[in-house]
Amino acid sequence: MANYKYHLLVCGGTGCKASESDRIVNMLNNEIRENGLSSDAKVVTTGCFGFCEKGPIVKVLPDNTFYTRVTPEDSKEIVMEHLVKGRRVERLLYVDPETKKHITDSKHMGFYQKQIRIALRNCGFIDPENIDEAISRDAYIALGNVLAGMTPEETCNVVKESGLRGRGGGGFPTGLKWEITRKSQADQKYVVCNADEGDPGAFMDRSILEGDPHAVLEAMAICGWAIGATKGLIYIRAEYPLAIKRLKIAIDQAMEYGLLGKDIFGSGFDFEIELRYGAGAFVCGEETALIHSMEGSRGEPTFKPPFPSVEGYLGKPTNVNNVETFANIPVIFNKGAKWFASIGTERSKGTKVFALAGKINNVGLIEVPMGTTLREVIFEIGGGIKDGKAFKAVQTGGPSGGCLTQKHLDTPIEYDTLIEAGSMMGSGGMIVMDEDDCMVSVAKYYLDFTVEESCGKCSPCRIGNKRLHEMLETITKGEGTMETLDKLKTLSHVIKDTSLCGLGQTAPNPVLSTMDNFWEEYLEHVEGHKCRAGSCKSLMQYIIIPENCVGCTACARNCPVNCISGERKQLHVIDQTVCIKCGTCMEKCKFNAIEIV
Amino acid sequence: MSSIKVKLKEKDIAKIQEICKSFDNKPGDLINVLHKVQGEFGYLPAEVQEVVAENLNVSLAKIYGVVTFYSFFTMIPKGKHPVSICTGTACYVRGAEKVLEEFKKELGIKVGESTPDGKFSLTCLRCVGACGLAPVVQVGEKTYGRIAPDDVKNILAEYEDN
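Protein sequence lines, in the order shown, are assigned to chains A and B.
First residue of the first sequence? That's 1 in the numbering used here, and the numbers climb one at a time after it.
First residue of the second sequence? That's 598 in the numbering used here, and the numbers climb one at a time after it.
Taking lysine-lysine pairs in the DSS-like style, the calculated list, with each CA pair at most 27 Å apart, reads: (1) A:K231 / B:K633; (2) B:K695 / A:K466; (3) B:K707 / A:K537; (4) B:K750 / A:K590; (5) B:K750 / A:K581; (6) B:K701 / A:K466; (7) B:K612 / A:K245; (8) B:K739 / B:K701; (9) A:K590 / B:K702; (10) A:K17 / B:K633; (11) A:K581 / B:K702.
Hints listed in this document are in silico derivations from the structure and should not be mistaken for laboratory results.
Keep in mind the model is a prediction, meaning the values are calculated, not measured.
All chains, full assembly: derive it from the sequences and hints.
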C-alpha cells in the first residue's frame, strides 16, 4: 500500500453494500480519473469497519479521516475537497453526540476507543479479495513458522497456553479440543469451520469472512497440521452470498500462491479447503447436526459422546471450531500465547466480538477485551439508548441466552459470569431493548424461533417448546393465570434437563431469565391484564381524551373498521368491541387526543 | 407431497442430470446438488426431486426429508419478485412485525404465499446481518433498510411495471 499518496477505504460489508457502497466506489474512481489523480489515490473496497450505524463509511488514509453516511453523490466533493484541495469535508465527519464537535480521526471516536481488535484486525483495512494485502499484514507467517519449526504437539500446546476458548458459544478450551483430535487415531481427519451463524441479530462471523477470509484459511491449515488432517471444510450459510464469494476467491488465491494445497512451504504438508453450504437450519450450528448436514442428510443432532473429535465427519475424527475462534489463531502464533493470555480475565482470555444491535445509538460490530462491563459496551461504545429512552434489558446469547437488566450492567463480560447471571456468551449477538419492549413478548419471540427451528427429533424440545409458546401466547392475550406461570417455569426446567442437544437444553433460557428479572411484568399481564410497554395488543385500548378532542373527524375518517363515531366538532368515541388496535387513529390525530391505556 | 404437478421437459431432466454429475453423483453432496437445482428451477417440485433421487441413488423419501427440513429449500414456486422480511431480533425490536403486517395487507397474501398473478411472494428470513439498517426488507436481490410501514407502498410501486 506504499505507492499511493491517498488510500480511500470504502466499506464493502453487507450492510454498507445495501446502502450502495458499490456505487460510491465507482463514482470515487471516476472522479479520481477525471481529476488526473489515478497515480496518487487508490480506492479499496474493504470488509466491515464495524460502525454500521453510520454506514456507508469511507476512510481516507494516511490521515485517518472517517466519513460517515456517505452517499454516491458525495463522491465528487470528497475527491475535489479532500484529495485536490487537501481540506476535509466537514459535513460528512462523525459528530460526537456529547461535545457536538466533528471528529476527524477515528481513533478519537468513543466507538473505537475501548476496543482491541484481534479477530477483526484486518477488517476495514485490507481488500479481502486481494491476498497480497493480507500478506502485507502478516497473513500466513504463522503458518510458515509452524510448519518450519513446530511439531503438532507443540502447536497444540501453544493454543492451550493461550487460554483461547471456543467463540461459538460454549466456551470449550480450543487447545484441548485440538489435542483430543490429535490423539485420535485414524487414516483421515478433518478440520471443520463452523460458519453457520444462525443467531438472529448476530453478524460477527459473516463480517470476519467478508473482511479477512485469509485469517480463517490460515488458521484452518495450522489446525490441520496440529491434529494431522489434510482436509478442511467450511460449513457456511447460503444466506451469506458475499462471504461465500470472498472465501472462494481467497481459497483460489491461496492455492495459487502455494499457501494451501500440496507441499505447503516445502514442508511436505498438504492441506485443502472445500466449502459446504447450509440451507437455513439453526440447529446445524450444533456440531453433530452440522456434520450430518455436511454428509447430505437432515441436520439432526446425535448424542455425544462420541464427540466429533473422536468420531465426526464420515466417522473420522473431526475438529470443529467457529470462525471467530479460528480468526484468533494466527495472531496467537505471531505474538505469542503469553501475550494473548495477558488480555482479558483469569477465566476468559483474549477478546470477544459482539454484534451490537437493537435500540442502541451505535449499531455495529465491536471487539472488546474479556472483562469489559456491559455498561461500557452499551453506554460508552454503543453510545446509549436510541431516542433518549430508558435502558431496559440486553439480550445476549441469542435464542439460547437470556435477558440481562439494569442490575447486571456492571457485570464483566466473561463466559462464566454471564452464565451465573442467567444468560450466556453465545456467539456474540447483543440486542439492546428499551422501555417500549415487552419482556413477555420478547420471550415469546425467541420461543417462536426455537419452535420453528427445533429439528423434531426429541420430544421435550419438539412438544415442550410448543407448549411453552402457547402458554406465553395466553399470557400476552391476558388469559393467563398464576397456574400458567407455575407451569411455564416447571416445564422450562423439564425441557432444559431432558432435551437431546444444546438447542433444546437452552431454548427455555429466554423464558426463565425474563421470569427471573422481569417477574413483575409477568404478574401485570396475568393479574392486572396490562402490558406496560404497550406492545401486547389484546391488553391495550385506544381511548380518546375528551379534553383534547376537537371533533376534527380525522380519526373517524381514517379508521379502517369504522369503529369511531362522533359528529363534527363533537367528542368522538371508539367502539372497543370493534377496534382492531391498528393505531391509525393515534397516528392521524393532530391534537394528541388519543392515548393507549 | 406438493399438490403442484409439473411435467419436466427432456432438457430439464438433462440439466438435473448434469448438475448431479458435476458432483460425481455423490449422495454426500445432496445439499449442494439441491442448491444448484433450486438455483436453476427456482423451486424443488416432487418431479425434480425424483430425478435427483434416481441420479444420486438415494431414496425419494430421504430427499423429501432434506428438502422439508431446511428452510432454504421450497416446493412452492416463488413470485417474480420475492419479498423477504428480516425477522431477526434486531429487526424485530425495531418494528419488523409492523412492516410485515403492512406487506401482508398490501399484497393480500400470507407468509409463504404468492400473489395470484405470480408477481410477488412473501417470506420471512432470519437475519441478513445488516442489523445497522434494521428493519430490513429484501425484494429479489435488492435490500431496503430502515423501513417504516409507510414505505411499503412505495417499495411495491417500484415493481409495478414489470
